[in-house]
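Asks: Sequence:
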Amino acid sequence: MPDRGRLTFIIGGGRSGNPPHAETLMTALPSPWAYIATAQPYDDEMRQRIALHRSRRGEGWTTIDAPLDLVGALEALPEDQPVLVDCLTLWLTNHMLADHDVEAECRRLADMLSRPRGPWFVVSNEVGQGIVPDNALGRRFRDAAGRLNQQVAAIAETVLLMVAGLPLKVK
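Residues in the sequence shown are numbered consecutively from 1, following our numbering.
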């Protein structure tokens, strides 16, 4: 179990069990727990996914919606606050769709994550094990997500790779 002031990075493919495993790690710590959600409910299907995620969490959880200002949300947390960030690939998508400077935003986030003020659990999707996307936006996203995941893995105390619901310790 990570100590306070430690960053745990949980990465895996879609539906590999990243958020549920992160939630299990979080609930081994004393509450209150902060859940920073980066998803944006653009359609009914996404609203249902968000509702399902929220329904899994019981008392002791505070949800903070931060589709773009993840650094600000992390800065606003009290010292020693256990936090789960779900997820970096949605956050990255939000910035790409808003036509922000993705490299600058990723550097800013990596700087913040290098100084955790509590036990921080960050979830992301591994996007580099599939095919090369057939369009420029898809390739740009895959490349940016791969670079961001590498930055976060390099600064994390612990890196877990989720495979079919099972955590494998990478670092």
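Errors might be hidden in some of the hints.
Quick list of simulated restraints, FRET-style, between CB atoms [as the list claims (entries may be wrong)]:
no., residue 1, residue 2, range
1, His100, Glu75, 31 to 41 angstroms
2, Met96, Ala164, 20 to 30 angstroms
3, Arg117, Lys171, 30 to 40 angstroms
4, Thr24, Ala136, 19 to 29 angstroms
5, Glu59, Arg139, 40 to 50 angstroms
Just so you know, the hints here were simulated from the structure itself, not pulled from any lab data.
From the three backbone atoms N, C-alpha and C, an ideal C-beta is built for every residue, glycine too.
Asks: Now tell me if each hint is right for this structure.
Replies: The hints, checked one at a time:
1. The hinted range of 31 to 41 angstroms is not satisfied by histidine 100 and glutamate 75, whose Cβ atoms lie roughly 18 angstroms apart.
2. Judged by the Cβ atoms, the range 20 to 30 angstroms given for methionine 96 and alanine 164 holds: they are separated by roughly 29 angstroms.
3. Checked against the hint of 30 to 40 angstroms, the C-beta distance between arginine 117 and lysine 171 comes to roughly 21 angstroms, which is inconsistent with it.
4. The beta-carbon spacing between threonine 24 and alanine 136, approximately 38 angstroms, falls outside the hinted interval of 19 to 29 angstroms.
5. Between glutamate 59 and arginine 139 the Cβ separation comes to about 43 angstroms, which falls inside the hinted range of 40 to 50 angstroms.
Violated hints, in rising order: 1, 3, 4; the structure is consistent with all others.
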